[in-house]
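Both chains are given apart, each in its own frame, so use the hints to dock them into the complex.
Those protein sequence lines, which keep their order, are chains A and B.
The first sequence begins at 0 in numbering that gives the first Met the number 0 and counts up one residue at a time.
The second sequence begins at 0 in numbering that gives the first Met the number 0 and counts up one residue at a time.
Rather than coming from a laboratory, the hints here were simulated on the basis of the structure.
Warning: the hint list may mix true and false statements.
[As the list claims (entries may be wrong)] In silico negatives: residues of chain B with every beta carbon more than 10 Å from chain A:
#, residue
1, Gly31
2, Leu40
3, Ile79
4, Gly94
5, Ile156
6, Asp226
7, Asp323
8, Asp346
[What the hints assert, rightly or not] To give a feel for the contact side, a few chain A residues facing chain B, derived at Cβ under 10 Å:
#, residue
9, Asp124
10, Met171
11, His296
[Said to hold, decoys possible] Some but not every residue of chain A turned toward chain B, in silico, with C-beta under 8 Å:
#, residue
12, Thr98
13, Ala102
14, Ile104
15, Ala120
16, Glu121
17, Thr122
18, Val128
19, Asn130
20, Pro143
21, Ile156
22, Asn168
23, Arg172
24, Thr174
25, Val178
26, Pro292
27, Glu298
The beta-carbon is built from N, C-alpha and C at its ideal position, and this holds for glycine as well.
Spelled out, the chains give:
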Amino acid sequence: MKPSWKLVSRRRALAVPALVGLGIVVAGCAEDAPQDTWQPEGDNARDIQNLQWPVFAIAGAVLLIVIAAVGWSVFRYRDKGQPIPKQSHGRPSLEIGLTILPALILIGVAVPTLRTVMALAETDDTECVVNITGQQWWWEIEYPTQAGCGGITEPIITSGQLVIPTEMNVLMRGTSRDVIHSFWVPRINGKRDVVPGRIQTLRLEADRPGIYAGQCAEFCGLSHANMRMEIVALSPEDFEAWKADQLADYVSPEAGTQAADGEDVFLQQCARCHQVNGLIDDKNTPDPADDTPSIAHPEDQVYAGAAPNLTHLMSRNTFAGATWDLVTQQCRDTIWNASPEEFGALYLQGVTEECFNPVDLREWIRNAPEKKPMFADQTDLGPTGGLYRGMPALGLSEDQIDDVIAYLLELN
Amino acid sequence: MIPTGSRLLLGATLLATIAAIAYGISDGGSLGTTGLISAALALALLTAVNIITRDADVSSMDPSAPTESPAARPAPPASIWPIVGGLGGVLVVIGLVSYPVVFVFGLIALLAAIIEWMIEAWSERASADNRYNSGIRQRLAHPAEFPVLAALTAAVIIYSFSRIMLFLSKTGGPAAFGVLAALVLAAGFVIAFRPQVRNATVSAVAGIAVIGLVAGGVAAALAGERDIEPHHTMGDIAAEGHCDTAEEVEADERASQNVAAKANIHGEIVLHEDGTLVARSIGIAGESTSITITRSNATNIRFRNEAEEDRRLVLNLGERAAVDEETEATIPDETVPIQYCTALVEDGGSQLLTFSIPDSSTITGTAYSFTVPGVDGQAVEVVVP
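Extracted from the complex, chain B is given alone in its bound form (with noise of 0.2 Å):
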């Protein structure tokens, strides 16, 4: 017995044979009839499918079918991988053209869709039913996702803190960021006291907060890094001769500290109130006009300053060739000192000064010393054996 779907096909496959020869004997037209020739073969092909299939229709072979089979099972929900994996490829091709960056991108999505869209077909023919299958997809997948998608969404967060407060101007930045910090301690205390609140409501406000912190990263992006000024370090000081200056010369004093420079001191140079300078040496008691420096080995001497006004300690290992700056020749019986300097300490401050001598004092008969300019007759005799 033919199945309804198939008849209806057959008949219509009929009729476009008949109306084929019966406008081919009329009009003589050849396009009309080819046209009307081809819908006879398309439906006669679609005819001949729908009986060999019946229609589709299990329950006329299978009368439990419609409970039973496979395709009775409720499809599993929608995903959203294939997207991602086509969204991986495109940019893996615009990458390819472009900037490698998107290059990356799309690689790593088109990764992420194919490992995750392999996990998602296992798990979707684990069993027929479909909450049993996406927990078990969620057991194996949410220990990879959920640490990438925190550390995802960490890293936005704080790329956005670091584009506004590098927008913000020096002063605006710590304002803005203390008012910022008060909001979020002022909404803890809230969600803390009143436990009432509902959850979609905590959900909601840390939503917008979220929304708000990135399009302000992106619109601080977009503006641009206010105006750093650039600050000579310690080195600079000493490069352009500025060592034996009493004056302010601008320096970033952290310039040549590190965790390693500041986790210990080979001593303390220290400029006492009444003027007089001495060394202090880690393990010896007691404080010393000379100083003994392991040759060619990085040391850390502490700077404290404990006078009245501003100073800087200067580190002076004689003199060398001056060296002519375009043609880089020594010019003859012109010398510079050697020298290295912090930059000027105030009153009770401390500063790392940190050095290498690669030569010995003892040796080259060369008298190294450390002195604070302004501070007359005073000096620490610094001995490398």
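The following block holds chain A by itself, in its conformation from the complex (with noise of 0.2 Å):
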């Protein structure tokens, strides 16, 4: 006997649902999830997760009385072709009680949500002030001169990679270039929207040396979902180290290399945004001997105003808003996997002529809007007085995009 149509019918209708809550249940079950915010790494994050698993029960809690109740009643009193009972309107008893019981679940929910609320806003205690600013599609990371985080004598600026030490309570200052952004480390803490002319702080510390990864958490425009940061824990010695490679002064390229015909290259197409600090323009100035440093202005072709400096940019292991890997996914995933008291000497090798990825980066250089979209329409710079959102395609030769390869392996 073939069902009917009206069974056939609902079990289709059925069926929608159940698929859809099973895979938000299998989804769940991810091992693999980075901006996992169930997986906390540092007291901030413990702070925010210790909240929301009793506000998660008791809200859990809530639906299901709900819909049982709502299931129950529509289940026994359904249309059995009975007469309509008698209507009756109002119960003040039932009505106040409805009122309070919420009111006093809001409240127990409340105490402790001010509560953590106000300990995540502290600042007093912090001991390392790191100042981040976001623009479209990138995160520019800056160590003011201080004497926290161990120490620091000259600023270091950097991008992509913010490098904490571990155990250590560190201050976030966060603003933005051109709109708002939002910075989210899920394993670290909340999200924090950045927004031009303020400053918003946000407290960060890791418990164990490794890699947490975050995302533009705030809808910034057309590359929004390429605006990625990643939380670099290191030991408090690790953390030292790193600074000395961040501090240590530019070697140019040995004269005749390929690296310095790169430099030449760079000097020419790439300085006019990016900064490498120490590099000295003896190229394109009337004296060779002048030791002019080369001084990028950004502001003068993006419409953010800053392109990322590039100074020991090989002691990251990402680019173009950590969007792309400049190591091999193998050396990726044994940074990433590598237990944490491996993991610092992994990482502050930087990246090594083995583990260098240089697809993605050529691709980049080639064409950076056909990699990362960034302007609608890359022939109408009307909108920001014309003026790039992000990097141009610079229209270089595969030869010179060879040399400035070679050249930027140097910066590490």
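Here is the structure:
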């Protein structure tokens, strides 16, 4: 006997929510979920989790009670052809009870919520200050001179990867150069919007060495999805070593090498926007003996007024808003899966020749807008007054690209 | 049977015909004859129309018509919209050859008249009851009419207020409107505590007040605004090289401030009573003699003066080549300082300084600093990575 159409359509109707629900449940089982808010790796993220578990439990219990009550009412009083019962209006005791009960639940939720919010807003006990500036579509990270962070005598500037010492309360001071962005590394702390003209603060603390992935959490334009960031936590000793690396003097490539040719191309094409601290512009000055530093002026080219500082680029292992890796997949997996004891040494190696991933960097230099959408219409710069959002296509030859890559590999 | 009115016209037609014949025979004049024939023809036409329409006397054909025919319904009240439409049309035409604002007002009046007239015409056909028809018109039109009328009234009142305030002197304005506010308050008290005051009285007082306000606004608009002295901005002080002076230079201390600037600051530069100059940064505990500013980013710094004398804060960003104002050419071997500064800040006062620094101090090797003219030996280093 064939099933009736009514029965088939009812089964289909049930199958859709069942499949969606199954998908959601299965998605929650993912092991490799670097942006999982339920796996805190620091005190601040743990505070949030300690708050959201009971709130989630209370909200879940309320949801189940309401669904059960509605379901029971629907089933118990379903239409069986019975006469409509006597209608009544108002029952003060029930109404007052149903007002007081949710109010008490909300008060119960509000107390720990406020306590957590206020604890997370505390800045007095932080021991290290990092300035973060968001712009379309990458993060600039700057360590001001300070007694904190173990002492920083000269400012350090980098991008994409925020390096912090473990077990130290770090204060992030965030702002934006163009539109509102949101700094969010779920395993370390909650979201913090960064707004042009404002300084927003966020506490950061990581229990153990490792890399923690993050993502801009406020829609900020065409490449919002490609605006990522990573927090790299190093042991205090490794953090000292990292600082020393970052403040190391610039070493010019050996004359006659491909990297030296790449430095020339860099000075002509890239140095208009990208700063490399210590790079001397002796190619474009009348007096070759002149030690004039190469000074980038991204504000003349880019809408945000900034481009990533590429000093010690190869000490990071991502680029272009932490969206692509400078290391191969194998090396990436090794670093990401390294034990806390091994992680620091691996990270401090930077991008070695064995681990270097030339593919994405080459594609990026060849035609950045093709790899990362930055302008809806590359030919129409009217809305930004002739300035680019992000990196334009430079039109370099393949030989020039090879030279530039050879040069960048030396920025370690 | 020929109706009474038609009989009269028929007689007049015959009389005119006979008179034309008689006049033509006796006098022989063509002009009089032509006139009388024309009158006879016109009267004949009217006679024919009257006979066809039975003297427009429906009761002669339908005895119940005086009470039940459509013509027996009371006429709807007179409408203002035809004349508004006409006025709008005239304004549109005048506006086309005079001022665009006249055209716009005419167009608005014309469109309003068309829409209102359509609604009115539609509602008048809704039923035989004028009160019911009026009710449905109001139900449809009032939700749009009242807000528009309220907005127009508010606009007229606000505009009148603004004209009066711009006409009065800087000190006279607050005094006049202080008195006015007191009168409004007093009137409010009277109405609140004397509920027996008749609505008509309240309406009359309010009406007179509005008319007085509008009349005052028109008079003030015709008289023109008071002389408003233009203020220099803090940017002007820097451009004119007054940053290094400790004397007062007239400037609008709020010229560079806006809501965004007031909303948040990057840090504070404080001149203490003992003459020390220190920096405080958001989120960083304690005071420092250096402050780190993000490159190429709009930054707000608040200067707080705790010293006894009026002081201004100066941001020193090195020097640039001097430029000849006439030729716009660079003057060799001559430089001018690059500075931003606040206006003078009184003891206990504070002021914001908004700026953006395009070049890194660490890379260019240029020493950037905050200083206070008249306070020697004190500076806050500005580090721009």
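Query - Non-conforming hints, listed in increasing numerical order - result: Hints 12, 13, 14, 15, 16, 22 and 25 contradicted; others consistent.
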